[in-house]
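Student: Okay, here's what each chain looks like letter by letter:
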Amino acid sequence: MISPHTKPTSYLDELRRIVPTEQIEPQIDTADDGGAWAVEPATQIELVEVLKWANGRHAAVFTRRPRRHDADLLGRRPRIYLRGRRMKRVKDLDIVSGTVTVQSGITMSELHRILEERSFTTGFPTRPWRQESIGSVLAAALDAHWGPRYGSMEDQVLSLGVVFPDGSVAGGRGAPRKAVGPDFDRLFLGSRGRYGIIYEATLRIYPSATRVAMSYAAPDLTTALEAVRGGIALGLDPRAIELLTPAPDRAWGRKRVGLTDDRPVLVIVEPWGPLAGRPVAWIDNHFATTLERLEPPLGWNMHEGLLPAPRAWAEPVVGVRWARLLELAQQLGRDVPPGLWVVRMSRHGGWLSLASGVDGPSAEIVRALVQELRPAGPLPWERFEDGLKRELDPKDILNPTGT
Amino acid sequence: MARLSQAELIAGLSRIVGAEHLSTTRPDRIAYSADFWPKAQIWKQGGDIERYPPDCVVWPADEAEVGKVLRFCHDHLIPIVPYGGGSGVCGGTIPIHGGVVVDVKRLSKVTAIDHASAVVTAEAGINGQHLEDRLNAAGFTLGHFPSSIMCSTLGGWLAARSAGQFSSRYGKIEDMVLSLRVVFPDGTVLDTSERGPGGPDWTQLVCGSEGTLGIITGAELKVNPLPEARRLRAFRFRHLEDGLRGARAVMQAGLRPMVLRLYDPFDSLIALGKDKSPQPSDRQSLLDGIRGLFSGAGATSEREGLLRRRLGPLTHTAKRAALVGALSAPAIVNRLAAAAPSPCLMIVGFEGPADAVHADAWSAGELLAEAGGVDAGAGPGEHWLAHRYDVSFKQSRIYDMGGFVDTMEVAATWDRLEGMYAAVRRAMTPLVFVMAHFSHAYREGCSIYFTFAGFRRDAARSEQLYDRVWRVATDAVVSAGGTVSHHHGVGLSKMNAMTQEHGHMLRVWRALKDVVDPHGVMNPGKLFPEAPHKAAEPDSSTVGVA
Amino acid sequence: MTRRLPPSPLDRHAQALALCTYCPSLCRHACPVATAESTDTTSPWGLVSLVEHLRKGRVELDDEVARHLYHCANCRACTEACVHDNDVEEVLVAARAWAVGQGVTPFPRSGFERAPLVLDDIRRVERFERRPAISLLPGRVALDSTPRVIDALLALCERLDIDAISCGEAAALDVGYDLWFAGFHTEFVAQARKVHAAISGAQELVVMSPEALYTLSHVYPRYGLGFEGALLHTSDLLLQLLGSAVVKRVDARVAYHDSCHLARHLDHVEVPRQVLRRVLSRPIVELASHGKETLCCGGTGCLGTTAPGTSRAQAEAVIAQCFEAGVDRVVSFSPECVDALRAVAPAGLRVDHAVSLVAEAIIGDSAAG
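Same order as they appear, the protein sequences are chains A, B and C.
Counting in the working numbering, the first sequence runs without a single skipped number right up to 403 at its last residue.
Counting in the working numbering, the second sequence runs without a single skipped number right up to 546 at its last residue.
Counting in the working numbering, the third sequence runs without a single skipped number right up to 369 at its last residue.
Keep in mind that the hints were calculated from the coordinates and are not lab data.
A few of these clues could be false.
What the hints assert, rightly or not - Derived SDA-like pairs (lysine to any residue); straight-line CA-CA distance at most 25 Å:
1) B:Lys319 with C:Ala288
2) B:Lys319 with C:Ala313
3) B:Lys68 with B:Thr188
4) C:Lys56 with B:Ser108
5) C:Lys292 with B:Arg388
6) B:Lys68 with A:Asp249
7) A:Lys91 with B:Ala116
8) C:Lys56 with B:Phe140
9) B:Lys109 with C:Ala288
10) B:Lys109 with C:Ala313
11) B:Lys222 with A:Asp249
12) B:Lys319 with B:Leu465
13) C:Lys292 with B:Phe140
14) B:Lys222 with A:Gln371
15) A:Lys91 with B:Gly419
16) C:Lys56 with B:Gly402
To be verified - Simulated DEER-style distance windows between Cβ atoms:
17) A:Asp92 with B:Glu366: 48 to 56 Å
18) A:Ile28 with B:Ala249: 28 to 36 Å
19) A:Glu327 with B:Ala137: 23 to 31 Å
20) B:Ala137 with C:Ser281: 45 to 53 Å
21) C:Ser110 with B:Ser328: 36 to 44 Å
22) C:Glu360 with A:Pro361: 40 to 48 Å
Owing to the predicted nature of the structure, the values given are computational and were not obtained by experimental measurement.
Heads up, the beta-carbon is just placed ideally off N, CA and C, and yes, glycines get one too.
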């Protein structure tokens, strides 16, 4: 019988031939698995070689941190935990076109710092995921609060560079729009590294502008929604509009920002410099007519004080059209549950969610709507998605789910 | 499995759609044998009116029938060509392998207009103008005005990633679509509004698939309130690069003009209608000859008068002689056109709430003046607005005279735009007469719309020239770092550039094909060069490659 | 072997044919027939291309091919939409005549011929004259389907003391529009001569059917059979009459459906509306497609004979517009339109000839007290 450590050792030797030793960090092993290493490729070539190796060795490649049960699920397959932190180069900052091409390992804060030096920023929020890499944000489609002005997270991506499990590399420079077949990049946005590893992304960038977040308190959902809807109808086109009630365990935050029992609903508008469709004074005047202005205005990072951070948000988020939002507000009346969240509000609706641990009849009403709007499984395309996975990753090496 | 006989095919499909909604008649087979790909027009010129007739045409009544038709063809390995308006200019709906053309125009309902949310749900076969009319009556506009709006369908727009003339404000169709319904060959219906957690965005994977994955049966689209006000302005720039700088400044300032078009010197000449500068006479007559063909010159009032003016004082024969003369020496004409001391015309327009429109038009004016633009009033813009669809009419005149004309709409980021413009011109000018305008401007780049016209003595030679022009032009675009199509799609015409365009990303398409269309029956031989399956049709030698 | 054609009468239309063949069907949205049939084959582009292929001998003429050429309501919406002003009607009529000349008649001539009509009801009107000074030509459809409208019109004239008007013997004759449009030109000319003879001498001719009026005013002159007197449409007559009439306005939400021949061929958009405005107390409800953009109800162009299903579907589309407009009554000045719309109108929607509406409103002649 071969010693359980024989093979992992030779695996390690093989890996060392691909990436320098200091970029490999052995993970704690149990007795009989195939070995586990955190690997930090520093170049695209190293990444490709690691994947080729993994594909050849039927290893599992994770783009996340190790979990305790990984070894149990994968038996004797070696495991690679990819870390992107060495692939953080800004490859091209094109101030003429307003695009930036970066390697996927760069963190949000680093990217924003570099852009800020040149008076640019991205269409991504700057705070909530500052320690996440751009690659992980894109792969997870951490799609939280973008507004009508810049569109969704997907809209920020001009093109992606992707490495397939067999090591082939795809990707190119983006064009503002194309009509050359489907937008294949979309397969990798939000699919959590199942089909390929994003190694590079070209993103849209915008001139940085003084960020103003204006905040208002509303007595109920209907009033808040009507104010937002009215503003949009009159040409308001800001970077973001959100509407929320603080979670029950964030009572201190609620008090701090100045929300009361009479006015529990917070409306926050971020005009984003001069690009809001309407001047800041107009916006303030519009909202202050029916809502109460909160002074001083709150910073955009207020989620951290009022709601669980996006990363910790486990509840489903569903797209809701205006017609249903207004209906919901009618149903709720003055009884608005805490922990309610409507983000990415646009002319067509917004994205709704409710924090966990909120009870009561009003919370039930919201949950019922969320439930109704969630796709009812099993969905026909899950079959297709599994099929795509088999086609693109026949050995199931990328973020395998255990089979 | 043995292939079905024609009689079995007809019987099987008739059971699904009803005999009256299936046709094998000659007129139907001719009408559905081609779209408006200029190469097919050249075939027509040469007398070849049905190079690729379908075996039959079916008109399913609803999504369920579409599913059954697809399933039937999938089971019996019969090629399917989804068909909307047939207005494509890339050969996307030409049944090169015969089979069944599935015309979805009976699916033409506006299912719902959600006023509160500004969302319309419509079936894929609805004619574009009919959809816009319905929305207008409800106080909305889709904001999508392709010059084919009269003859194209919603499904076709989505399948080929169509763009309208107001795309700078409203986006392309893929920006407007919230979700769509698509039927795959095995009959499965996918409603992309139900996106699973951790799943890819199927809307954008189906959008642009040009019928190679399934048949789009309907969609939900964002709509916009009818604009309260509209303002058009025009500017003249001495140099093209000044105009481009101005266009970029406008877009990057975050302004959202509904239209922003910059014409190159010769296209400006035509857009302006008349050339006021004195010209040497030989050159003048050559230029006049060509301008007569393209131009929608002059005033906007009387149609009859306009038509006559467009035809000019020349007779048909004289015009033909002028065209032949001019297009037989494209290099010379191109040089003359380039040397014309004509400024570049830019049209910029805003629509929306009245005060926002005025403020934006003012801001844009400031930025454009700063870039060297000279105000040219509202006239040229209004003329463009009134005649913005006429360009498609003009093409038939050139075919009538034995020439051909096509357009190539490419796009790139701003940093590569001028380089691409020069490279494409360099590649094309020895072969055809070419002019261009920059339209569909975005924050990070812009599309260039090249119009080119050529002439050869007979259809076979024209076809050769046509293929050559496309080859050199797409090569130039790719080398210059642009994309070969901004909104016309790929079809047959740009298929050869797709490997350069996508590289290994084509693996995703092959995977998609394997998964949703394992028998390869959906619009075989289109979009991407290598069919993953040869099962559908052994005869690949006839694929429209000359 | 394709039939090599001698220089054919179609060559006269060579340029129109070519321009249309190479055009990407930019009038497609306007064609009610192609829309109702959901096909591109019978769109104006499809039909004219087919004619071009026939002209060039690339398609052999047979019944199946010829049958396609009869999928047109002659509503002229395509010509209105065309920047080249291509006259599809002219092309189709020429092509059909050419096909008939070749002996290819997918629809028998009898379907387009009308025997002299029975004027018994009309003769009962007291002032029947064989050759009246003002001759009323109701037309076949009015006599067949809505004879009471004719009564109403004549009664109205009587009430208003217009006594020179009468259905002369010409009223029994069909003007031959169907024969002409279907391409049976020899028979059409024979019929036209008869009609021309019967109407000659009248000072004014009041025509109820827009297609008949179009035939008399535009087609007859091409054969040297122009009418020397004044040609009027019912709406012209009514507008004159209403000048002196005492009117009790009808209080109803009424939509007006423009006849294609009236609105597009004859440019009669305003006169009918002026008449209606005089007798209605509320504004006329305009349908989504109205005036020169009117949607054809399939009642004309012999479509009822050559493509009855299509004709019906077109009428249903117009009815759908009536419902969208939220009216329970729609009127038209064309007996053909009224007939087509009535055939498909559900119980809740009343379709009337505009004359009936006017008759409801007019009390008498103001001069007569």
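Student: Does each hint fit the structure? Answer for all of them.
Tutor: Going down the list of hints, with the structure as the test:
no.: 1; hint: B:Lys319 with C:Ala288; result: violated, 42 Å
no.: 2; hint: B:Lys319 with C:Ala313; result: violated, 44 Å
no.: 3; hint: B:Lys68 with B:Thr188; result: holds, 10 Å
no.: 4; hint: C:Lys56 with B:Ser108; result: violated, 35 Å
no.: 5; hint: C:Lys292 with B:Arg388; result: holds, 21 Å
no.: 6; hint: B:Lys68 with A:Asp249; result: violated, 54 Å
no.: 7; hint: A:Lys91 with B:Ala116; result: violated, 44 Å
no.: 8; hint: C:Lys56 with B:Phe140; result: violated, 46 Å
no.: 9; hint: B:Lys109 with C:Ala288; result: holds, 16 Å
no.: 10; hint: B:Lys109 with C:Ala313; result: holds, 14 Å
no.: 11; hint: B:Lys222 with A:Asp249; result: violated, 38 Å
no.: 12; hint: B:Lys319 with B:Leu465; result: holds, 22 Å
no.: 13; hint: C:Lys292 with B:Phe140; result: holds, 23 Å
no.: 14; hint: B:Lys222 with A:Gln371; result: holds, 24 Å
no.: 15; hint: A:Lys91 with B:Gly419; result: holds, 21 Å
no.: 16; hint: C:Lys56 with B:Gly402; result: holds, 15 Å
no.: 17; hint: A:Asp92 with B:Glu366: 48 to 56 Å; result: violated, 30 Å
no.: 18; hint: A:Ile28 with B:Ala249: 28 to 36 Å; result: violated, 57 Å
no.: 19; hint: A:Glu327 with B:Ala137: 23 to 31 Å; result: holds, 25 Å
no.: 20; hint: B:Ala137 with C:Ser281: 45 to 53 Å; result: violated, 25 Å
no.: 21; hint: C:Ser110 with B:Ser328: 36 to 44 Å; result: violated, 56 Å
no.: 22; hint: C:Glu360 with A:Pro361: 40 to 48 Å; result: violated, 59 Å
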